[in-house]
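Top line first, the protein sequences correspond to chains A and L.
Numbering follows the working numbering, in which position 110 of the first sequence is assigned residue number 110; successive positions increment by one, without gaps.
Numbering follows the working numbering, in which position 25 of the second sequence is assigned residue number 141; successive positions increment by one, without gaps.
Read the hints as simulated data drawn from the structure, not as lab findings.
Treat each hint with caution, since some may be false.
Said to hold, decoys possible - Per the computed footprint, the stretches of chain L lying under chain A, defined by three or more beta-carbons under 8 Å from a beta-carbon of chain A, are:
1) 187-193
2) 218-229
Stated by the list, open to error - Some chain A residues flagged as far from chain L (calculated, every beta-carbon gap over 12 Å):
3) VAL4
4) ASN62
5) GLY108
6) LEU113
For every residue, glycine included, the Cβ atom is placed at its ideal position computed from N, Cα and C.
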Amino acid sequence: NAGVTQTPKFQVLKTGQSMTLQCAQDMNHEYMSWYRQDPGMGLRLIHYSVGAGITDQGEVPNGYNVSRSTTEDFPLRLLSAAPSQTSVYFCASSYSPFTGGQETQYFGPGTRLLVL
Amino acid sequence: GDSVTQMEGPVTLSEEAFLTINCTYTATGYPSLFWYVQYPGEGLQLLLKATKADDKGSNKGFEATYRKETTSFHLEKGSVQVSDSAVYFCALSASDRGSTLGRLYFGRGTQLTVWP
């Protein structure tokens, strides 16, 4: 198993540009999520999905869109990049969110985004 | 609301020293508690977890005990190695009905550097 994969590893954007961060998992996990990691702030939840066709907002959803057309893929779209979106983005997945929070989540290697 | 507070770093130790990284939490219901580790340039990996009070999670010589009476989940290792140098995150996953499904609440992370 490749686990959770993310592309690209690194990206530079100009303010106002759009892009899609890719995330895929091959473990047949129902639950997928996106976090951003900023210095001194831990990780914060952007969006999540409990299955194909179902998505919802997390703590910091503004400026980001997601969709989940398949179990395997969960892309994150930046509609109009802003310098405040400079961060490291992590995708995570787990079998199910319906187990009272006991499930281990598996993280991808991250995408480092710089918005100029 | 749910939250995690962990010891601020950085922490610098000599090889074979004893390690403690403090973590306390606030949560309704009965959360699961996790320690994740992030090695340089990589994503987060689960180090250990505990899903109910008085459980002890352990892995690679690290241990943490879920203490409901003190709302704590401190990470300990008796003898650290250079290879343990990384950022350590304490996290909780809430279980009550009002929680965001599957969401992990992270502490800010503690940078550990071990010198030979």
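* To do: Check each numbered hint against the structure and report the violated ones by number, ascending.
  => Numbers 1, 3, 5, in rising order.
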